[in-house]
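Participant: If you count the sequence shown from 1, position 15 lands on -5 in the working numbering, and the numbers rise without skipping.
Please keep in mind that the hints were generated in silico from the structure rather than gathered at the bench. Certain hints may be false.
Taking lysine to any residue pairs in the SDA-like style, the calculated list, with each CA pair at most 20 Å apart, reads [as the list claims (entries may be wrong)]:
(1) Lys30 <-> Leu15
(2) Lys65 <-> Lys30
(3) Lys105 <-> Gly148
(4) Lys21 <-> Glu(-16)
(5) Lys21 <-> Asp(-14)
(6) Lys105 <-> Phe9
(7) Lys106 <-> Gly129
(8) Lys65 <-> Asn(-12)
(9) Lys105 <-> Asp(-14)
(10) Lys75 <-> Leu15
(11) Lys65 <-> Lys21
(12) Lys65 <-> Gly87
(13) Lys106 <-> Asp63
(14) Lys106 <-> Phe146
(15) Lys28 <-> Val91
(16) Lys30 <-> Ala140
(17) Lys105 <-> Ile58
(18) Lys65 <-> Val141
(19) Lys21 <-> Pro(-8)
(20) Lys21 <-> Ser31
(21) Lys65 <-> Ala76
(22) Lys105 <-> Val(-15)
(23) Lys105 <-> Ala76
(24) Lys28 <-> Tyr43
(25) Lys67 <-> Val91
(26) Lys28 <-> Gly148
(27) Lys21 <-> Val(-15)
(28) Lys105 <-> Lys75
(29) Lys28 <-> Pro(-8)
(30) Lys105 <-> Asp39
(31) Lys106 <-> Tyr43
(32) Lys30 <-> Ser88
Derived CB-CB ranges, DEER-like [stated by the list, open to error]:
(33) Thr103 <-> Gly148: 16 to 22 Å
(34) Leu34 <-> Glu(-16): 28 to 34 Å
(35) Trp123 <-> Pro145: 34 to 40 Å
(36) Phe89 <-> Arg134: 32 to 38 Å
Note that CB positions come from ideal geometry on N, CA and C, so glycine has one too.
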Amino acid sequence: NANEVDLNRNWPARFDHPKEDKVSSSPRFPGPGALSEPETKGIDNWLKTKSSELAGCVDVHSYAGKILYPNGDTEQLIGNDDDEKFKVLGANVAKAASDEYMGQTAGSFGVAIGAFDDYIYRTYKKPVLTIELAGYRFVAPPWTIRVRGAEIHRALTQFAVEVHPFEGGGGGIVFPED
């Protein structure tokens, strides 16, 4: 953002991690404190008003070809039944996206503090994924936009199918009553 803060590291999820780079010149600078930035603060305020309406959340990044799920601020697993649920969710969403994607814990990809997915899971107990677009550059080349867009569409559609079973319900998308 304008303050050179990595907004995906600005969430209140183990923000005090001792190994995190707190140097403001770092591209992974988490900011001076959790929710210090207007962008994350605004989204957090919106989430608080809509949390009962949300079935789950997805964060989209570039460029590793990964479907990441909690935990991300440690290499340790969550330690309950959700570990297996996230493993299935990640694998199914990765398979739907394309064979360039792989599901795994965010921490096994790289430990990072203040991540959106850890915050959403720990605060709202909702299924959450970070989709790291496949590719080889942080800014996707224009010629890949249609391919990546189709992958994201398939991944998001599969996420919607998987959310209800993740929460212990039957399969398929469940629409709220009007």
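Participant: Hints first: check each against the structure and report whether it holds.
Facilitator: Here is what the structure says about each hint:
Pair hint Lys30 plus Leu15 holds up; C-alpha atoms about 18 Å apart against a cutoff of 20 Å. In summary, the hint linking Lys65 to Lys30 is not supported, as the alpha carbons are separated by about 24 Å, beyond the 20 Å threshold. For the hint linking Lys105 to Gly148, the alpha-carbon distance of about 13 Å falls within 20 Å, and the restraint holds. Straight-line distance between C-alpha atoms of Lys21 and Glu(-16) comes to about 16 Å, which keeps the hinted pair within the 20 Å bound.
Note on Lys21 and Asp(-14): the hinted pairing holds, with a Cα-Cα distance of about 14 Å set against a maximum of 20 Å. Taken as a hint, the Lys105 and Phe9 pair is broken in the structure, with Cα atoms around 26 Å apart against an allowance of 20 Å. A distance of roughly 25 Å separates the Cα atoms of Lys106 and Gly129; the hinted pair therefore is violated under the 20 Å criterion. For the suggested pair Lys65 and Asn(-12), the alpha carbons sit about 23 Å apart, so the restraint of at most 20 Å is broken.
Restraint check for Lys105 and Asp(-14): not satisfied, since their Cα atoms lie roughly 24 Å apart, outside the 20 Å limit. At roughly 34 Å between alpha-carbon atoms, Lys75 and Leu15 are farther apart than 20 Å, so this suggested pair is violated. Note on Lys65 and Lys21: the hinted pairing is violated, with a Cα-Cα distance of about 29 Å set against a maximum of 20 Å. Of the pairs offered as hints, the one joining Lys65 and Gly87 holds, with about 16 Å between alpha carbons and a cut-off of 20 Å not exceeded.
Restraint check for Lys106 and Asp63: satisfied, since their Cα atoms lie roughly 13 Å apart, inside the 20 Å limit. With a C-alpha separation of about 9 Å, the suggested pairing of Lys106 with Phe146 holds against the 20 Å cut-off. A C-alpha spacing of about 26 Å is found between Lys28 and Val91, which places the hinted pair above 20 Å, so the restraint is violated. For the proposed pair Lys30 and Ala140, the alpha carbon gap of about 17 Å is at most 20 Å, so the pair holds.
Taking the CA atoms of Lys105 and Ile58, the gap is about 12 Å. The hint holds against a cut of 20 Å. Proposed proximity of Lys65 and Val141 is supported: the alpha carbons are some 13 Å apart, at most 20 Å. Using a Cα cut-off of 20 Å, the hinted pair Lys21 and Pro(-8) holds, with the two alpha carbons roughly 10 Å apart. Under the criterion of a C-alpha separation no larger than 20 Å, the hint pairing Lys21 with Ser31 is consistent with the structure, at around 15 Å.
With a CA separation close to 17 Å, the supplied pair Lys65 and Ala76 stays within the 20 Å bound. With a C-alpha separation of about 26 Å, the suggested pair Lys105 and Val(-15) falls outside the 20 Å cut-off, and the hint is violated. Of the pairs offered as hints, the one joining Lys105 and Ala76 is violated, with about 24 Å between alpha carbons and a cut-off of 20 Å exceeded. For the hint pairing Lys28 with Tyr43, the CA-to-CA distance comes to about 29 Å; that exceeds 20 Å, so the pair is violated.
Pair hint Lys67 plus Val91 holds up; C-alpha atoms about 18 Å apart against a cutoff of 20 Å. Among the hinted pairs, Lys28 with Gly148 is inconsistent with the structure: their alpha-carbon atoms are about 23 Å apart, more than 20 Å. Simply put, Lys21 and Val(-15) have alpha-carbon atoms about 13 Å apart, close enough for the 20 Å limit, and the pair holds. Of the supplied pair hints, the one linking Lys105 and Lys75 is violated, its CA atoms being roughly 24 Å apart against a limit of 20 Å.
With a C-alpha separation of about 14 Å, the suggested pair Lys28 and Pro(-8) falls inside the 20 Å cut-off, and the hint holds. Note on Lys105 and Asp39: the hinted pairing holds, with a Cα-Cα distance of about 16 Å set against a maximum of 20 Å. This hinted pair does not check out: Lys106 and Tyr43 have alpha carbons roughly 24 Å apart, beyond 20 Å. Distance check on the hinted pair: Lys30 and Ser88 sit about 30 Å apart at the alpha-carbon level, beyond 20 Å; violated.
Taking the beta carbon of each, Thr103 and Gly148 are about 19 Å apart, inside 16 to 22 Å as hinted. At roughly 30 Å, the beta carbons of Leu34 and Glu(-16) sit within the given window of 28 to 34 Å. One distance hint, 34 to 40 Å for the beta-carbon pair Trp123 and Pro145, holds here, with the actual separation near 36 Å. Taken as a hint, the range 32 to 38 Å is violated for the pair Phe89 and Arg134, whose Cβ atoms sit roughly 21 Å apart.
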